[in-house]
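So the protein sequences, as listed, match chains Z and G. To convert, note that position 176 of the first sequence is 176 in my numbering; the numbers rise steadily by one, no gaps. Take the position in the second sequence, starting the count at 1, then add 1000; the result is the number in my numbering.
No lab work stands behind these hints, which were simulated from the structure alone. Do not take every clue at face value.
[Unchecked claim] The calculated BS3-like cross-link candidates involving lysine-lysine, where the alpha carbons are at most 30 Å apart (straight line), are:
| # | chain 1 | residue 1 | chain 2 | residue 2 |
| --- | --- | --- | --- | --- |
| 1 | G | K1228 | G | K1036 |
| 2 | G | K1036 | Z | K269 |
| 3 | Z | K86 | Z | K404 |
| 4 | Z | K236 | Z | K224 |
| 5 | Z | K224 | Z | K269 |
| 6 | G | K1116 | Z | K86 |
| 7 | Z | K22 | Z | K224 |
| 8 | Z | K86 | Z | K278 |
| 9 | Z | K269 | Z | K236 |
| 10 | Z | K278 | G | K1116 |
| 11 | Z | K131 | Z | K145 |
| 12 | G | K1228 | Z | K404 |
[To be verified] If you want the footprint, here are the derived chain G segments under chain Z, 3+ residues with CB under 8 Å:
| # | segment |
| --- | --- |
| 13 | 1042-1050 |
| 14 | 1089-1096 |
| 15 | 1119-1132 |
| 16 | 1136-1148 |
If you're wondering where the values come from, they're calculated on a predicted model, not measured in any experiment. We put the CB at the ideal spot given by N, CA and C, even for glycine.
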Amino acid sequence: MVLAADAAAQAAGLRVRMPVTKAQALVKGLVVMDADPAGDAEALERLALWALQRYAPIAAADLPDGIVMDVAGAAHLHSGEDAMAKGIVERIAAAGVAARAALADSWGAAHALARFAARPAIIIPPGGSAKAILELPIRALRLPKDIVDGLRVLGFESIGELAATPRAPLALRFGSELGRRLDQAFGRISEQIDPLRPPDLIEVRRAFAEPIGAAETIARYTGKLVVQLCQALEAKGLGARRLDLVFHRVDNRIEAIRIGTALPVRDVKRLTRMLCDKIETVDPAFGVEIMRLAASVAEPLEDKQTISSLTEEPEADVSALIDALANRVGEDRIYRFAPVASDVPERSVTRIAPLAPDTGEAWPDHWPRPSRLLPVPEPIDAMALLPDHPPVSFTWRGVRRRVKRADGPERVFGEWWKRDAELVAVRDYFQVEDEAGERFWIYRAGDGEDAATGSQRWFLHGVFG
Amino acid sequence: MKEAAASPIVAELRARIQRLEGGRAHGRTVLPFGIKEIDGRLPGGGLAFGALHEAAGGGNGAIDGAAAALFAAGIAARTRGKILWCVARQDLFAPALAQAGLAPDRVIYVEAGDEKSVLACFEEGLRHGGLGGVVAEVARLSMTASRRLQLAAESSGTIGFAVRRWRRQAEAAEFGQPTASVTRWRVTALPSAPLPVPGVGRARWRLELIRCRAGESADFEVEACDGKGRLHLPSDLAHGPDQKKAGRRRAVS
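Could you put together the complete structure from these sequences and hints?
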């Protein structure tokens, strides 16, 4: 029997649960491989481990075909939930596996949406999950096959229909499993993810006889845990790149904080501070029973000599600041600019990591550059003599400006090796100054003679200081 | 300062007030512009380290903040160490900052997303103390916020620069509201230096020192930052109107 069929197989007419002989008859030379559930489970476990290190403090394999993560408190490192879900799908797709992701209030809802929603990456805003899953088929509920078949015989198609039906007769017929799965999908009863823990994880934990809840208390015990963890890290000569602080609450739910650092860190004060900055995002509800602090990604940290010369003042270490800011605004929102060898202005800069080694490069200094570059060049109405004179006047954002002085043209050719459309494209840049002394960077798309080189329209691209 | 030298009592009083205000224990205390006319107007002979300064653009510059950003870049270029540049949304063109003397390797940008986060990152950067300077682009700067920033700067000795820019011209009137910053500047583009041939000469700015703690306001006409971040007085104005006005004021007081 065919157990799985990807997009290519489905296009060839293969369907899941089709006999192998029929599939072989449909497709000539079909390679049949035995199903290997144990191997699949192992691979999923590996994938979950990767997700644990990269994305979320709590992750586990969701057998038989998925992984589940609790991303609360971790999405900020990947600039928001939306970017995170898309990033996961893209990354897995880059490895040659088609993946779908969904983010919802409960495990059940996310499970259903990931498998049956139309979009490959879907984010349901908090509180919206119950509505979002109403339309999905009952297969999405993680029910045993015979229950699904039985429900279908009774005429149930979607989760919404099932949810609107009185519970008692259904429970009488199908047992309590149905009600439990429904409640899990709607988030009425909690379902705990049993987090995957790699065997060599460096972890410290503390259980409390009496549940704790006050932010100050949590902060105090966080400090104690960090001290213990740093000792454990030191024994192995490692520094933490990712730290997960997991709170087991008395009502059997898990809250988590995740922080990331740019370089391996083993500094008690700094790690404590970064964790304590995030405590306000945790909801202790009726109290926290167990706190668990783990270094989910640790890298070798070697002591290094700091001052190499007696006369030279050492360059101050800003990595602590970078980490603090990255945990506040997101890792990809803090960067440096570096030159790229390109004449097209918007391609001449690239973003590099804030702590990347100094390149020592700079941009060529022949022409002045505007201090503000508009994200998209704005079309302007300009009056100019063709082919190579600057405009006499132009209108930008409804204000007409007379050009008093101008410099140019600086001709920028398209980069034909990047896109075919740029084969003959040309921009002529001018620096113009109006009567008040304000300077603008404008260009004409095209060389002013040949229509193939551009539309010959004028654009404003930047403002000089 | 010349006035200070003239009366030792005033100088002593100034020193005592400064001791009371505290926080001047960080080596170098001011960053001079290297222009006598401007430095003479600033207490201590330059922009104070460990203090918050503010700059906004005049006219259209209130919205694009292009000249104010270059003014800040020129000052940052003359400090030592890394510069933290906090923006809500990125529209700076790094090659222009490099042309004002601020090498790309020295600037770390933070794209904070909203005003509140910009201020938080600004304060965090000022408190750290290992940076050469912190620049932040903000629209609203309340008295409370600016006082926090000023205290953060005092505690670490880092120079802080708030580049004020607004979405609309009408909102720029907010620049009149008081803040705790030590100096406040307005930078307006002027017609560039005339060239004997067609073309655009070196940019010129009208630099208005609107507020200066323990100093008087003044305005200058300067040539914009060169490749090392230094301003210059236009040669045809170096002994021109501004100097005369200053002389008159001194004679009256």
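Hint by hint, here is what the structure shows:
1. G:K1228 to G:K1036: holds (18 Å)
2. G:K1036 to Z:K269: At roughly 46 Å apart (the allowed maximum being 30 Å), K269 of chain Z and K1036 of chain G break the hint.
3. Z:K86 to Z:K404: Roughly 49 Å separates the two Cα atoms, so the pair is violated.
4. Z:K236 to Z:K224: Since the Cα atoms of K236 of chain Z and K224 of chain Z sit roughly 19 Å apart, the hinted pair holds (cutoff 30 Å).
5. Z:K224 to Z:K269: OK: K224 of chain Z and K269 of chain Z at ~11 Å, within 30 Å.
6. G:K1116 to Z:K86: holds (27 Å)
7. Z:K22 to Z:K224: Not OK: K22 of chain Z and K224 of chain Z at ~64 Å, beyond 30 Å, violated.
8. Z:K86 to Z:K278: Given pair K86 of chain Z, K278 of chain Z holds - Cα atoms ~25 Å apart, limit 30 Å.
9. Z:K269 to Z:K236: Judged against 30 Å, a Cα distance of about 19 Å means the pair holds.
10. Z:K278 to G:K1116: Given that 30 Å is the threshold and the Cα spacing comes to 17 Å, the pair holds.
11. Z:K131 to Z:K145: holds (24 Å)
12. G:K1228 to Z:K404: With a Cα-Cα distance of about 28 Å, the restraint between K1228 of chain G and K404 of chain Z holds, given a limit of 30 Å.
13. 1042-1050: violated (count 0)
14. 1089-1096: holds (count 6)
15. 1119-1132: It holds: at least three residues are needed, and the segment 1119-1132 of chain G offers 8 whose Cβ sits within less than 8 Å of chain Z.
16. 1136-1148: Violated - the segment 1136-1148 of chain G has 0 residues with a Cβ nearer than 8 Å to chain Z, which falls short of three.
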